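Protein chains in written order, with this note's numbering: chain A, 433 to 727; chain B, 433 to 727.
Do not rely on the hints blindly, as some may be mistaken.
Same chains, same label: a pair holds when it works inside one copy or across any pair of copies.
[Claimed, not checked] Result set (SDA-like, lysine to any residue): computed pairs, CA atoms no more than 25 Å apart in a straight line:
1) LYS678 to ARG645
2) LYS678 to ARG688
3) LYS710 to PRO504
4) LYS710 to SER659
5) LYS561 to ASP714
6) LYS561 to ARG652
7) LYS710 to THR486
8) LYS678 to THR693
Derived from the structure by calculation, the hints contain no laboratory data.
Given the structure is predicted, the values throughout are model-derived calculations rather than measurements.
Residue-level listing of the chains:
There are 2 protein chains.
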Amino acid sequence: MLIRRLAVIGVGLIGGSLARALRAAGEVGEIIGCGRGRDNLVRALQLGVVDHFTQDIGEAVSGADMIFLAVPLGAMESTFRAMRGHLAEGVVITDGGSAKASVVEACRSGLGTLPARFVPGHPIAGTEKSGVEASFEALYVGRRVILTPTDQTASDALERVTSMWRSCGAEVALMSISHHDEVLAATSHLPHMLAFGLVDTLARMEENDEIFRYAAGGFRDFTRIASSNPVMWRDICVANSQALGKVMARYSEEMRVLAETIQREDGDTLLEIFSRAKAARDRYIDTLSGPDSSE
Amino acid sequence: MLIRRLAVIGVGLIGGSLARALRAAGEVGEIIGCGRGRDNLVRALQLGVVDHFTQDIGEAVSGADMIFLAVPLGAMESTFRAMRGHLAEGVVITDGGSAKASVVEACRSGLGTLPARFVPGHPIAGTEKSGVEASFEALYVGRRVILTPTDQTASDALERVTSMWRSCGAEVALMSISHHDEVLAATSHLPHMLAFGLVDTLARMEENDEIFRYAAGGFRDFTRIASSNPVMWRDICVANSQALGKVMARYSEEMRVLAETIQREDGDTLLEIFSRAKAARDRYIDTLSGPDSSE
Numbered sequence: 433m434l435i436r437r438l439a440v441i442g443v444g445l446i447g448g449s450l451a452r453a454l455r456a457a458g459e460v461g462e463i464i465g466c467g468r469g470r471d472n473l474v475r476a477l478q479l480g481v482v483d484h485f486t487q488d489i490g491e492a493v494s495g496a497d498m499i500f501l502a503v504p505l506g507a508m509e510s511t512f513r514a515m516r517g518h519l520a521e522g523v524v525i526t527d528g529g530s531a532k533a534s535v536v537e538a539c540r541s542g543l544g545t546l547p548a549r550f551v552p553g554h555p556i557a558g559t560e561k562s563g564v565e566a567s568f569e570a571l572y573v574g575r576r577v578i579l580t581p582t583d584q585t586a587s588d589a590l591e592r593v594t595s596m597w598r599s600c601g602a603e604v605a606l607m608s609i610s611h612h613d614e615v616l617a618a619t620s621h622l623p624h625m626l627a628f629g630l631v632d633t634l635a636r637m638e639e640n641d642e643i644f645r646y647a648a649g650g651f652r653d654f655t656r657i658a659s660s661n662p663v664m665w666r667d668i669c670v671a672n673s674q675a676l677g678k679v680m681a682r683y684s685e686e687m688r689v690l691a692e693t694i695q696r697e698d699g700d701t702l703l704e705i706f707s708r709a710k711a712a713r714d715r716y717i718d719t720l721s722g723p724d725s726s727e
Numbered sequence: 433m434l435i436r437r438l439a440v441i442g443v444g445l446i447g448g449s450l451a452r453a454l455r456a457a458g459e460v461g462e463i464i465g466c467g468r469g470r471d472n473l474v475r476a477l478q479l480g481v482v483d484h485f486t487q488d489i490g491e492a493v494s495g496a497d498m499i500f501l502a503v504p505l506g507a508m509e510s511t512f513r514a515m516r517g518h519l520a521e522g523v524v525i526t527d528g529g530s531a532k533a534s535v536v537e538a539c540r541s542g543l544g545t546l547p548a549r550f551v552p553g554h555p556i557a558g559t560e561k562s563g564v565e566a567s568f569e570a571l572y573v574g575r576r577v578i579l580t581p582t583d584q585t586a587s588d589a590l591e592r593v594t595s596m597w598r599s600c601g602a603e604v605a606l607m608s609i610s611h612h613d614e615v616l617a618a619t620s621h622l623p624h625m626l627a628f629g630l631v632d633t634l635a636r637m638e639e640n641d642e643i644f645r646y647a648a649g650g651f652r653d654f655t656r657i658a659s660s661n662p663v664m665w666r667d668i669c670v671a672n673s674q675a676l677g678k679v680m681a682r683y684s685e686e687m688r689v690l691a692e693t694i695q696r697e698d699g700d701t702l703l704e705i706f707s708r709a710k711a712a713r714d715r716y717i718d719t720l721s722g723p724d725s726s727e
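Can you make the complete structure from the sequences, with help from the hints?
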């Protein structure tokens with residue numbers, strides 16, 4: 433058994449699914465849940481996702497040999513702070529935050545140090561739903577989990593977290609913190625900004641009722657992600673402002689140039705841009721057909 | 433029977449599906465196909481989509497009482513020009529072009545006049561595929577067709593085209609030319625520009641292999657439309673440059689502001705933008721669940 437006592441801080445889709453998968457794999461003894469919403473914790477207990485729960489973070493992590501943090505990025509620092517003085521020797525801490533530099537900073541500032549057994553991580557998985565009700569055992573099967581060890585991370589801690597995710601059926605990849613944040617800014621955070629920006633632009637146009645009425649089917653899929661949780665996305669943007677700001681600046685400049693090219697009816701340049709995009713998209717479609725993922 | 437002799441100029445997905453639907457409805461006597469690709473016309477004949485074919489536009493329209501143009505926007509003017517002197521009295525002309533002001537201009541310039549029996553139209557339907565092989569009888573069932581009569585359009589011609597589309601199962605809506613072009617710029621052309629621009633931005637980044645490898649499932653759907661035909665999209669952009677250029681300018685400004693807001697980590701403004709977008713998207717999701725459509 434990999435884990436004797438697991439503390440899950442934030443028992444939602446991500447944390448709940450990890451608990452279910454480890455239980456199903458027979459790799460965990462006892463699971464303690466912790467979080468801000470008491471009703472959700474009661475439900476987690478009823479569903480058998482956790483064995484006990486508490487709303488006291490210090491109590492939750494006491495005696496745990498593995499801690500998984502699945503709280504919003506904006507709550508990471510206070511969560512680390514609440515763990516101070518309650519950590520057992522040798523406990524491994526990992527998380528599921530979607531921007532890594534900010535979580536590392538939250539850890540350093542909240543705990544007052546960057547522990548050797550902290551392994552920052554990011555499971556590339558998720559659905560539209562949230563809360564423990566949405567969690568399920570197979571969420572991570574065939575999905576990628578990116579681990580971004582710090583220069584303090586001990587190799588045995590990295591190995592334990594790797595084994596944990598593999599026992600859930602995930603593929604584990606290692607990446608530097610900054611590279612993770614750049615890759616996710618480009619492939620996940622940027623597309624969300626496009627969708628939010630598109631819907632907001634249209635909503636601010638006159639006669640937007642008519643516009644939305646004639647929106648095509650593809651438009652609906654395209655803007656589906658604009659229904660994502662605004663608070664979560666504010667946190668992601670602030671947490672990953674450096675990498676996302678950079679790629680957003682490039683993209684907005686590309687859009688400015690494209691708008692001008694359309695306005696001056698420069699067909700040759702338009703054909704060049706569209707052909708290059710189509711070639712890139714077609715070339716990478718095979719790469720994309722690897723492990724399925726979302727968020 | 434609504435139509436004695438139908439000439440379909442451009443027997444692809446759009447033209448072929450109209451021919452099939454009218455045949456199935458028993459509303460057409462004879463169907464003549466015309467187009468630039470001879471192999472496609474031979475296939476259309478083999479499939480029974482057309483009864484005859486010719487590559488001579490003048491010959492195709494001679495004796496027709498209904499003409500449907502489904503050629504690329506860039507080919508509209510030369511197609512109208514080739515029809516000069518071959519039109520039977522009382523013939524109704526309509527089309528399927530996705531930007532209407534440019535088709536009206538192509539008609540005026542190609543024919544030398546704007547005939548009373550020209551009814552510009554746009555079926556909001558399509559799939560990823562093209563060519564007569566991709567055409568099918570039910571393409572227009574439950575879809576919207578927008579007709580944009582000019583100030584010259586005779587009411588009996590408008591009625592005939594309306595009846596034609598209704599017999600294919602479509603819902604017909606009337607709109608002014610400029611309003612059509614604005615609505616389509618916002619709901620179809622703009623989303624395509626976003627997708628082309630996103631893929632092009634990423635393809636131009638260093639290590640774009642890695643970036644595409646980690647692209648999430650949602651990203652794949654999001655950029656699917658960037659695989660659309662670059663020539664067709666160049667034509668649409670040039671044809672609808674005025675309306676599309678305007679909405680693109682607004683969007684690129686929105687993206688510039690959003691990039692700056694992220695860079696200065698202004699969480700309050702971000703939350704405001706995301707919340708407004710989510711509210712608009714959620715409010716209109718019911719409207720969107722009307723007739724399904726694409727392109």
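Hint check results:
1. In the homo-oligomer, the alpha carbons of LYS678 and ARG645 lie at most 25 Å apart only across protomers (20 Å), although the nearest pairing inside one protomer, at 35 Å, exceeds that limit.
2. Taking CA atoms no more than 25 Å apart as the test, LYS678 paired with ARG688 passes in both settings, with 16 Å inside one copy and 11 Å between copies.
3. For the homomeric pair LYS710 and PRO504, the shortest alpha-carbon distance between copies (19 Å) is at most 25 Å, but the shortest distance inside one copy (36 Å) is not.
4. Taking the shortest Cα distances, LYS710 and SER659 sit within 25 Å of each other only across copies (5 Å), while inside one copy they are farther apart (27 Å).
5. With identical chains, the CA atoms of LYS561 and ASP714 are at most 25 Å apart between copies only, with a shortest distance of 15 Å across copies and 30 Å within one.
6. For a Cα distance limit of 25 Å, the shortest separation of LYS561 from ARG652 qualifies both inside one copy, at 18 Å, and across copies, at 20 Å.
7. Taking the shortest Cα distances, LYS710 and THR486 never come within 25 Å of each other, neither inside one copy (52 Å) nor across copies (33 Å).
8. When the C-alpha separation of LYS678 and THR693 is checked against a cutoff of 25 Å, the pair qualifies both within a copy, at 23 Å, and between copies, at 12 Å.
In this structure, only the earlier hint numbered 7 is contradicted, and the remaining ones agree with it.
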